[in-house]
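Residue numbers (the UniProt record's numbering), protein chains in the order written: chain A, 1 to 533; chain B, 1 to 308.
Since the hints were derived computationally from the structure, they do not count as laboratory data.
All figures in this text were calculated on a predicted structure; none of them were measured in a lab.
Wrong hints could be hidden among the right ones.
Said to hold, decoys possible - Calculated lysine to any residue pairs in the SDA-like style (CA-CA distance at most 25 Å, straight line):
#: 1; chain 1: A; residue 1: Lys82; chain 2: B; residue 2: Trp221
#: 2; chain 1: A; residue 1: Lys26; chain 2: A; residue 2: Gly237
#: 3; chain 1: A; residue 1: Lys124; chain 2: B; residue 2: Ser215
#: 4; chain 1: A; residue 1: Lys82; chain 2: B; residue 2: Ile206
#: 5; chain 1: B; residue 1: Lys82; chain 2: B; residue 2: Gln92
#: 6; chain 1: A; residue 1: Lys82; chain 2: B; residue 2: Val220
#: 7; chain 1: A; residue 1: Lys82; chain 2: B; residue 2: Ile198
#: 8; chain 1: A; residue 1: Lys82; chain 2: B; residue 2: Gln92
#: 9; chain 1: A; residue 1: Lys124; chain 2: B; residue 2: Trp221
#: 10; chain 1: A; residue 1: Lys82; chain 2: B; residue 2: Asn122
#: 11; chain 1: A; residue 1: Lys82; chain 2: B; residue 2: Lys82
#: 12; chain 1: A; residue 1: Lys82; chain 2: B; residue 2: Ser125
#: 13; chain 1: B; residue 1: Lys7; chain 2: A; residue 2: Leu464
#: 14; chain 1: A; residue 1: Lys124; chain 2: B; residue 2: Pro302
#: 15; chain 1: B; residue 1: Lys7; chain 2: A; residue 2: Tyr295
#: 16; chain 1: A; residue 1: Lys82; chain 2: B; residue 2: Lys7
#: 17; chain 1: A; residue 1: Lys124; chain 2: B; residue 2: Lys82
#: 18; chain 1: A; residue 1: Lys198; chain 2: A; residue 2: Arg131
#: 19; chain 1: A; residue 1: Lys124; chain 2: B; residue 2: Lys7
#: 20; chain 1: A; residue 1: Lys124; chain 2: A; residue 2: Leu84
#: 21; chain 1: A; residue 1: Lys82; chain 2: B; residue 2: Arg222
#: 22; chain 1: A; residue 1: Lys440; chain 2: A; residue 2: Pro284
#: 23; chain 1: A; residue 1: Lys124; chain 2: B; residue 2: Ser125
#: 24; chain 1: B; residue 1: Lys7; chain 2: A; residue 2: Leu285
#: 25; chain 1: B; residue 1: Lys7; chain 2: A; residue 2: Pro284
#: 26; chain 1: A; residue 1: Lys124; chain 2: B; residue 2: Ile206
#: 27; chain 1: A; residue 1: Lys82; chain 2: B; residue 2: Glu216
Each chain is listed here by its residues.
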Amino acid sequence: MTTPLLEVDELCVDFALPHGTVSAVKHVSYRIEAGETLALVGESGSGKSVSSTAAMGLLPDLARTRGAIRFEGEDLLAATPKRLRRLRGNDIAMIFQEPMTSLNPLHRIGRQIAEVLERHRGLKGRAARERVRELLEQVGIPEPERRLDSYPRELSGGQRQRVMIAMALACEPKLLIADEPTTALDVTVQAQILALLKDLQQRYGMAILFITHDLGIVRHFADRVCVMRQGELVESGETRALFDAPRHDYTRMLIDAEPRGRKTPVTEDAPMLLEAHGVRVRFPLKKRLFRPSTYFEAVRGIELAIRRGQTVGIVGESGSGKSTLGRALLRLLDSRGDIRFEDTALGGLDSAAMRPLRSRMQVVFQDPFGSLSPRMTVGEIVGEGLRVHAPELTARERDARVQEALGEVALDPAMRRRYPHEFSGGQRQRIAIARALVLKPEFLLLDEPTSALDRSVQATVIELLRDLQRRHGLTYLFISHDLAVVRALADTVLVMKQGEVVEQGDTQALFEAPREAYTRELMRAAFLDAQTA
Amino acid sequence: MLSYSLKRLLQAIPTMLIVITIAFFLMRVAPGGPFDGERALPPEIEANLMAAYHLDEPLPQQYLRYLGNLLQGDFGPSFKYKDFSVTELILQGFPVSLEIGGLAILLALALGLPLGIAAALNRNSAIDYAVMGTALAGIAVPNFVVAPLLALVFGVLLGWLPAGGWNDGALPNLVLPVVALSIQQIAYIARMMRASMIEVLGSHYIRTARAKGLSERLVVWRHAIRPALLPVVSYLGPAIAGIITGSVVIEQIFGIPGIGRYFVQGALNRDYTLVMGTVVFYGALIVLLNLVVDLLYSALDPQIRYDD
Numbered sequence: 001m002t003t004p005l006l007e008v009d010e011l012c013v014d015f016a017l018p019h020g021t022v023s024a025v026k027h028v029s030y031r032i033e034a035g036e037t038l039a040l041v042g043e044s045g046s047g048k049s050v051s052s053t054a055a056m057g058l059l060p061d062l063a064r065t066r067g068a069i070r071f072e073g074e075d076l077l078a079a080t081p082k083r084l085r086r087l088r089g090n091d092i093a094m095i096f097q098e099p100m101t102s103l104n105p106l107h108r109i110g111r112q113i114a115e116v117l118e119r120h121r122g123l124k125g126r127a128a129r130e131r132v133r134e135l136l137e138q139v140g141i142p143e144p145e146r147r148l149d150s151y152p153r154e155l156s157g158g159q160r161q162r163v164m165i166a167m168a169l170a171c172e173p174k175l176l177i178a179d180e181p182t183t184a185l186d187v188t189v190q191a192q193i194l195a196l197l198k199d200l201q202q203r204y205g206m207a208i209l210f211i212t213h214d215l216g217i218v219r220h221f222a223d224r225v226c227v228m229r230q231g232e233l234v235e236s237g238e239t240r241a242l243f244d245a246p247r248h249d250y251t252r253m254l255i256d257a258e259p260r261g262r263k264t265p266v267t268e269d270a271p272m273l274l275e276a277h278g279v280r281v282r283f284p285l286k287k288r289l290f291r292p293s294t295y296f297e298a299v300r301g302i303e304l305a306i307r308r309g310q311t312v313g314i315v316g317e318s319g320s321g322k323s324t325l326g327r328a329l330l331r332l333l334d335s336r337g338d339i340r341f342e343d344t345a346l347g348g349l350d351s352a353a354m355r356p357l358r359s360r361m362q363v364v365f366q367d368p369f370g371s372l373s374p375r376m377t378v379g380e381i382v383g384e385g386l387r388v389h390a391p392e393l394t395a396r397e398r399d400a401r402v403q404e405a406l407g408e409v410a411l412d413p414a415m416r417r418r419y420p421h422e423f424s425g426g427q428r429q430r431i432a433i434a435r436a437l438v439l440k441p442e443f444l445l446l447d448e449p450t451s452a453l454d455r456s457v458q459a460t461v462i463e464l465l466r467d468l469q470r471r472h473g474l475t476y477l478f479i480s481h482d483l484a485v486v487r488a489l490a491d492t493v494l495v496m497k498q499g500e501v502v503e504q505g506d507t508q509a510l511f512e513a514p515r516e517a518y519t520r521e522l523m524r525a526a527f528l529d530a531q532t533a
Numbered sequence: 001m002l003s004y005s006l007k008r009l010l011q012a013i014p015t016m017l018i019v020i021t022i023a024f025f026l027m028r029v030a031p032g033g034p035f036d037g038e039r040a041l042p043p044e045i046e047a048n049l050m051a052a053y054h055l056d057e058p059l060p061q062q063y064l065r066y067l068g069n070l071l072q073g074d075f076g077p078s079f080k081y082k083d084f085s086v087t088e089l090i091l092q093g094f095p096v097s098l099e100i101g102g103l104a105i106l107l108a109l110a111l112g113l114p115l116g117i118a119a120a121l122n123r124n125s126a127i128d129y130a131v132m133g134t135a136l137a138g139i140a141v142p143n144f145v146v147a148p149l150l151a152l153v154f155g156v157l158l159g160w161l162p163a164g165g166w167n168d169g170a171l172p173n174l175v176l177p178v179v180a181l182s183i184q185q186i187a188y189i190a191r192m193m194r195a196s197m198i199e200v201l202g203s204h205y206i207r208t209a210r211a212k213g214l215s216e217r218l219v220v221w222r223h224a225i226r227p228a229l230l231p232v233v234s235y236l237g238p239a240i241a242g243i244i245t246g247s248v249v250i251e252q253i254f255g256i257p258g259i260g261r262y263f264v265q266g267a268l269n270r271d272y273t274l275v276m277g278t279v280v281f282y283g284a285l286i287v288l289l290n291l292v293v294d295l296l297y298s299a300l301d302p303q304i305r306y307d308d
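Extracted from the complex, chain A is given alone in its bound form:
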């Protein structure tokens, strides 16, 4: 048997933390041959990033490793720091999840890429600059000559990830470790980056170790897959075989966790709950004293009608104005145009006049970590709205309502005495939903409620939202960039781009036969066309 390019052999990684040792990776073995793509799949905390970080010698000091990681037969765990620095960026390169923060904000990008060439190839000055320009061109950065002198902040997230890729490719590495390289990017950008990686892989003949939580990508990208869970390797195999016949329960669960099902439509004569005409929102860009201020139009004249019991999905990429629209509809932002909630025109209402309506229209936000106050117990968070909207309740009655709401979202009511940090992401999102539900609203704005969650957790939250809608006849406005989730939940869909609706219609029809090129592009990027769900 030939020596594999990278061989991880019975790797164990422990972190010696103050309160005891945590095993992040337990006896994991896998290998990558030259030129192939191996996907390492797992949910957050599965230890999937730890083994690659160990290969690069970049683990924090408190990590203890056992076993071996052999690169072309050489054990990296036993290598000197100097030898590792020789390999890093040269034979093994890495790109990361966070394109926004992975580049030094104070250095021009040309210099940051040239640094690798200088370190490993001794290239300097004009020669280095020429090679950097070439690299930027290869990764599809427009006007590379000019971009050389840009600072990272002048580039979009997708462009920054391209710069990271250019930096990784500078020395034509044999192995590229891509740690969730597209997770922070929009779907269309994600598709572009993946295509770019594939293309470059063929051109340079490098192997890719692709670390991700997204099975959708893996199916289209990897030759082989390793599934990790709680530090252990539960299953590995050829991609197609693994997707067709998963052997391990956990793998099966991950595959099944892709959102499924359809929304049962409401009857035609369901009463109208929320109607909006010509909604516009603009933000001042520059306030000037004597000259007219300039504005950015985030939402440009949107028509929307939601019937009682319906779910309307809004999809679009970041910056499309979907969240802004949602906030404007609830009068959390000032807007122009008409918005009616049942028979009330919301336009002229001040915050005091809005207050009685607030309990009927509630919001759940994306970030389950940032949107719950860390200093309040779960009971206080959930019960706070009642103090405002139902001041007549006694403390005991309020507590009973809180317990009831927690029960609705399948959390143990005894947990109301605890603080948010004691809960996982999925549990926190349940708390956020309970906080909205306790007021017995009719209308819920769900702004990316599942985007920060692992797929399997996402599935349970979606199931919960469905169940609540059935039981209480709730009406949802569901904002998401995740088309698969919207398809499973919404009656009708609005596709937004640059503040305007590109296409809207019945969910089923729109997904089966999208009319607009942009909608088709979104779907292709999300791999929905190839899915069997």
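Chain A is fixed; fit chain B onto it per the hints.
Relative to the frame of chain A, chain B by itself:
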């Protein structure tokens, strides 16, 4: 950047007006007057003096007169140092104060930054604990305690350095006041630099730099220090203000003929114009230096641009 600077200077006008107003009326509220002495002056002489300095006018009128003169760059005559205008006194004292204060800031940076960096790079080691422990002591002990102690130990007991006096700015006379003035700032800067370095060293772009295979020395010098400096640079404004107020005490203790000493003596003598002059001068200086610090910040950080 020019228009930004102009805007900032215009914004300083109301600030200065508030400073002047508070200082002016506070001085007048304090009991006593400029011509109270051991022996009471004959009433007619005192009345003549008061009239000569317009102190017999109603307070609002005096206030407006002061502002009017100030607009013409006239700080007025000193009441106590006869034959000297306040402007002359400030011009005399400023080079001395500038020398002490400037050296103190330089010393604070020259010691504080490396100490902070060393502590951050050797986090939770003996070096770290030693630096941070000493820094804490430096912050906790006020300069009016440090200064006499330094004078006592190095001036009186050991006799290595003069315990006070200016001697036309001879080097040995500079050492103790500059050290006393900078100790607190060294401590603050070391602590800030340490915290800021630790944060930067944990950032994603430092991970990128390491993934490139750069040596640890390059990672620190090229990628970590400049971003870590930014919070320290923005602290320089308050640091300068701290040095200036500190110098008032230090100059008095070491007997240095700077502006700070004029200020203290002016206040004790109810030398209204002298106190007002130093307050206005120092106020304007702090405003100006803060602007310089902010411009310096934008030079270090391309993400900050002042364009309108």
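Outcome of the hint check:
Pair hint Lys82(A) plus Trp221(B) holds up; C-alpha atoms about 18 Å apart against a cutoff of 25 Å. The straight-line distance between the Cα atoms of Lys26(A) and Gly237(A) is roughly 19 Å, inside the 25 Å bound, and the hint therefore holds. A distance of roughly 17 Å separates the Cα atoms of Lys124(A) and Ser215(B); the hinted pair therefore holds under the 25 Å criterion. Annotation: proposed proximity of Lys82(A) to Ile206(B) holds, straight-line Cα distance about 18 Å (limit 25 Å).
Taking the CA atoms of Lys82(B) and Gln92(B), the gap is about 15 Å. The hint holds against a cut of 25 Å. Proposed proximity of Lys82(A) and Val220(B) is supported: the alpha carbons are some 16 Å apart, at most 25 Å. Of the supplied pair hints, the one linking Lys82(A) and Ile198(B) holds, its CA atoms being roughly 23 Å apart against a limit of 25 Å. Between Lys82(A) and Gln92(B) the CA atoms are separated by roughly 59 Å; this puts the pair beyond 25 Å, and the hint is violated.
Distance restraint check for Lys124(A) and Trp221(B): the Cα-Cα separation of roughly 19 Å lies within the 25 Å cut-off, and the hinted pair is therefore satisfied. A threshold of 25 Å between alpha carbons decides the hint, and for Lys82(A) with Asn122(B) the separation of about 20 Å falls inside it, so the pair holds. Simply put, Lys82(A) and Lys82(B) have alpha-carbon atoms about 73 Å apart, too far for the 25 Å limit, and the pair is violated. For the suggested pair Lys82(A) and Ser125(B), the alpha carbons sit about 23 Å apart, so the restraint of at most 25 Å is met.
Between Lys7(B) and Leu464(A) the CA atoms are separated by roughly 56 Å; this puts the pair beyond 25 Å, and the hint is violated. Distance check on the hinted pair: Lys124(A) and Pro302(B) sit about 24 Å apart at the alpha-carbon level, within 25 Å; holds. Straight-line distance between C-alpha atoms of Lys7(B) and Tyr295(A) comes to about 23 Å, which keeps the hinted pair within the 25 Å bound. For the given pair, Lys82(A) sits about 52 Å from Lys7(B) by alpha-carbon distance, which is inconsistent with the 25 Å threshold.
Note on Lys124(A) and Lys82(B): the hinted pairing is violated, with a Cα-Cα distance of about 68 Å set against a maximum of 25 Å. For the hint linking Lys198(A) to Arg131(A), the alpha-carbon distance of about 21 Å falls within 25 Å, and the restraint holds. For the suggested pair Lys124(A) and Lys7(B), the alpha carbons sit about 43 Å apart, so the restraint of at most 25 Å is broken. Our distance criterion of 25 Å between C-alpha atoms is met by Lys124(A) and Leu84(A), whose separation comes to about 23 Å.
Restraint check: the Cα-Cα separation between Lys82(A) and Arg222(B) comes to about 19 Å, which is no more than 25 Å; the hinted pair holds. Distance check on the hinted pair: Lys440(A) and Pro284(A) sit about 36 Å apart at the alpha-carbon level, beyond 25 Å; violated. With a CA separation close to 38 Å, the supplied pair Lys124(A) and Ser125(B) exceeds the 25 Å bound. For the hint pairing Lys7(B) with Leu285(A), the CA-to-CA distance comes to about 19 Å; that is within 25 Å, so the pair holds.
Simply put, Lys7(B) and Pro284(A) have alpha-carbon atoms about 21 Å apart, close enough for the 25 Å limit, and the pair holds. This hinted pair checks out: Lys124(A) and Ile206(B) have alpha carbons roughly 22 Å apart, not beyond 25 Å. Restraint check for Lys82(A) and Glu216(B): satisfied, since their Cα atoms lie roughly 10 Å apart, inside the 25 Å limit.
When each numbered hint is compared with the structure, violations occur for hints 8, 11, 13, 16, 17, 19, 22, 23.
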